Structures are given as C-alpha cells and as structure tokens.
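**Q** Heads up: the protein sequence lines correspond to chains V and E, in order. To convert, note that position 2 of the first sequence is 2 in our numbering; the numbers rise steadily by one, no gaps. To convert, note that position 126 of the second sequence is 126 in our numbering; the numbers rise steadily by one, no gaps.
Since the hints were derived computationally from the structure, they do not count as laboratory data. There could be a bad hint or two in this list.
[Unchecked claim] Cross-link-like lysine-lysine pairs, in silico, DSS-like; alpha carbons within 27 Å at most: (1) V:K72 - E:K107; (2) E:K189 - E:K246; (3) V:K15 - V:K106; (4) V:K107 - E:K107; (5) V:K106 - V:K17; (6) E:K257 - V:K86; (7) V:K86 - E:K3.
[As the list claims (entries may be wrong)] Per the computed footprint, the stretches of chain E lying under chain V, defined by three or more beta-carbons under 8 Å from a beta-carbon of chain V, are: (8) 103-113; (9) 137-148; (10) 176-185.
Since we're looking at a predicted model, the values are computed, not measured. All C-beta atoms in this analysis are idealised placements derived from N, C-alpha and C, irrespective of residue type, glycine included.
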Amino acid sequence: MSKSFGESSTVLLRKIKENLDALNEKMEVFIEIQKQGQKQNFVMQDLPEALDVMTLLSLPDHLRKTAVAICKLGRATAEEVSEHTKRARAVESGYLNQLVLMGYLKKERKGRKAYFFVEK
Amino acid sequence: MGKIIAIHSYKGGTGKTLLTLNLAATYAKMEKRVCVLDMDFRAPSLQSILQLDGSEYWLNDYLNGTCDIKKVLIDYTSQCNCGGEIFVGLANPATEALRDMSSKDRKWEMRALGRLLSLKNTLLNDMELDYLLFDTSPGLQYSSINAIVSADLVLVISTIDTSDIEGTRRMTQELYDLFEKKTAILMNKVPVEFLSSSIGKDGVYKRFETVHTLPILKVIPCFCDVLRSGGITVFSRDEPDHPFTKHLEDIAAKMEKF
C-alpha cells in the first residue's frame, strides 16, 4: 500500500515538474517578446517560407546567432545550442521559442526534452 | 579537425580561382589532404582550367540532394603530382545547369545551406581532409553567402581598384561581421610601384588595414608571368622558385595559424 502510494506520488511529482518546465519555457518566451517589443511580429498569418541566408541576414543579431547554431547543429535542445553559442540556456530557450513563434523553427517534445529544428 | 576556407571577393577577376587552386596545390605539396569545390555556379571554371573531361555527378547534383558528395569528388592527386592528396568537385558548366541554378527558390537555398554545413562531417571528419576550399562566385550571391556561412574562415581577395576596395569594405561589414566570420583580406595584383614606394611594404599593409579594418594576410604584387599563365599553371609544382610560389607558401602557413 505504502509502496504504491510512493510510486504514484513520484509520478505525480514528475508530472508537476514537467508542467512547471513547460510553464517556465512559456514564461521565457513571453519575457523575450516583451523585451524585444515585437509582439506584433508574431501574428501567425504571414509565416515565412524558409530560414535561408537572406532571412538569417534580416534577423536581429541575437536571434541570428541562435538560428545559425540550429542550422549547424541540425536538431538540438536549448542546452546544446547554449553550448554552441556560449550563452545561458534560459536565454537560448527564449530565443529558440521566439524563432518557433516567428515560424522559422519547429519544436518537438520527446519526454522531458524539447528539440528545435528547421523543417526542410 | 580540418578547416573550411571560403575564397571570396566583391568583384570578379580578382584572381580567386587561380589563388584557390594554387593554394590547394601548395597544401598538397605540404603533404596535406585537400579538396577544392567550385561554388561558382554562375560561371564554373574548374573543369576547363583543370582540363577535366567532366563528371558523372556535379556539385549541382549534391546540392539538389540527388547524390552523395563522395560521388562528386574527382581524385586529382596523380594529375596534380604535387604530393599529398587533392580532390576537386566541379560545378556543371552546361547552360541548362546555369539556368537551373539561377532559378532556385529560398527553400532550396535553405536545404543547400544544410548540405554545405554537413560537409564538415562528411569531408573533414569522415574523409579526414585537412582543408576544404570553396571557390565562390563574386559578390552577394546566394551560393557565395551559403559558402561563407559554412566556412570556418574567409579569405577575401581584393585588388587596389577603388570600387573593389570600397565594395569589399562594405561587404565585410554588412555580411561577414553579421555572421561573426573570421576574415582576412588578400590584396592581389598590386602594382610593384606601390610596394617600392616611399611608404614601403609595411606602409602599404597599414594603409590597406586602415581602409578594411581587417587583417591584411598578404599583399601580392602583380606578376606578368602569372597573368601570362592563363590561370592554368600550378606554380608550386611547375615554378617552385617563382616569387608567386613563395607568396602562396606564406599564405598557406598564415592560414594554418589563423
């Protein structure tokens, strides 16, 4: 009885942790959007075609660095991008989610990890 | 791990292809494994310069995603006969191919960038090449910018032509800086009078560095012999004592440390 209670509470705690992680990521995106003051750019009706070099050139410096890292890595987590760019994971997470909202990147969850990639 | 070097210029006719090929031959002479890819899809020239029959697969096919990069590469080691190993990848010079490459959309260019970026793994890691050289199209072409983004360092060739210097300066600031590329300038075809003027060789370097705000890797004088060679002489093999060969050896050594 106590073992089953222990197992179910572990599952519950894990679920809470996952939800908190997801919430944290969303908060990072909102903070980033607010910081950049570019909320109007994220209207989803006019999605860009591709993350080509001309598009990369048109991005602000901080997002270009993240986008180039993803182009090089192919498919990566915010942690992996942050190792590449030498910036904080939370910062990269914000930028990556911003690029997802802008339609340049795709995001896929696998377990507790979120992977970002360019859809070919 | 090896290095990818993109050789680029603002204007055409600066000597990119001749320098790329001869730099590759110089590395081969240093017993390096090197590969040259003709990324000038608007005006391919490697096939005619190297007098090769052509290829079953072109770089165009690799970028189109229809073949593996290893099928594109031609082993030029025995023809070059410069030591080391040298491979080349040709751009298709057929008019139909030129037309096809100029009509690609942004999605294709995005995939092409992905394929160029993956060469670091296939050619530098798997094939253990020491150097991969991209001979690019001049100016701000898609293929050139893709090559620059994929390269570890960029060697920009400029002449002393005022429009070339100004265009190169603008291009390095508005393109290379945005991609945080390691970049060096090579001043080519500089009249000998410049180098023997009152300001001297060091003064010439300083003057160009002030204009470009980038390191000047080398100032190469204008050699009539090089112009007369028609772009097909492999100087490190055929003219080992020529001053141009010495310049190439110096560039190769500097690029290695860059």
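**Q** All the hints need checking, so say for each whether the structure fits it.
**A** Here's how the hints hold up against the structure:
1. For the proposed pair K72 (chain V) and K107 (chain E), the alpha carbon gap of about 16 Å is at most 27 Å, so the pair holds.
2. At most 27 Å may separate the alpha-carbon atoms for a hinted pair to count; K189 (chain E) and K246 (chain E) meet this at roughly 15 Å.
3. This hinted pair checks out: K15 (chain V) and K106 (chain V) have alpha carbons roughly 24 Å apart, not beyond 27 Å.
4. Taking the CA atoms of K107 (chain V) and K107 (chain E), the gap is near 19 Å; set against the 27 Å cutoff, the hint holds.
5. Taking the CA atoms of K106 (chain V) and K17 (chain V), the gap is about 23 Å. The hint holds against a cut of 27 Å.
6. Proximity of K257 (chain E) to K86 (chain V) is assessed by CA-CA distance (about 23 Å); at most 27 Å being required, the pair is judged to hold.
7. Of the pairs offered as hints, the one joining K86 (chain V) and K3 (chain E) holds, with about 21 Å between alpha carbons and a cut-off of 27 Å not exceeded.
8. Under the rule that three or more residues need a Cβ within less than 8 Å of chain V, the assignment of the stretch 103-113 of chain E holds, with 7 such residues.
9. For the stretch 137-148 of chain E, the assignment as covered by chain V holds, since 3 residues bring a beta-carbon within under 8 Å of that chain's beta-carbons and 3 suffice.
10. Counting residues of the stretch 176-185 of chain E whose CB lies closer than 8 Å to any CB of chain V gives 3, which reaches the minimum of 3, so the coverage claim holds.
Consistency note: the structure conflicts with none of the earlier hints.
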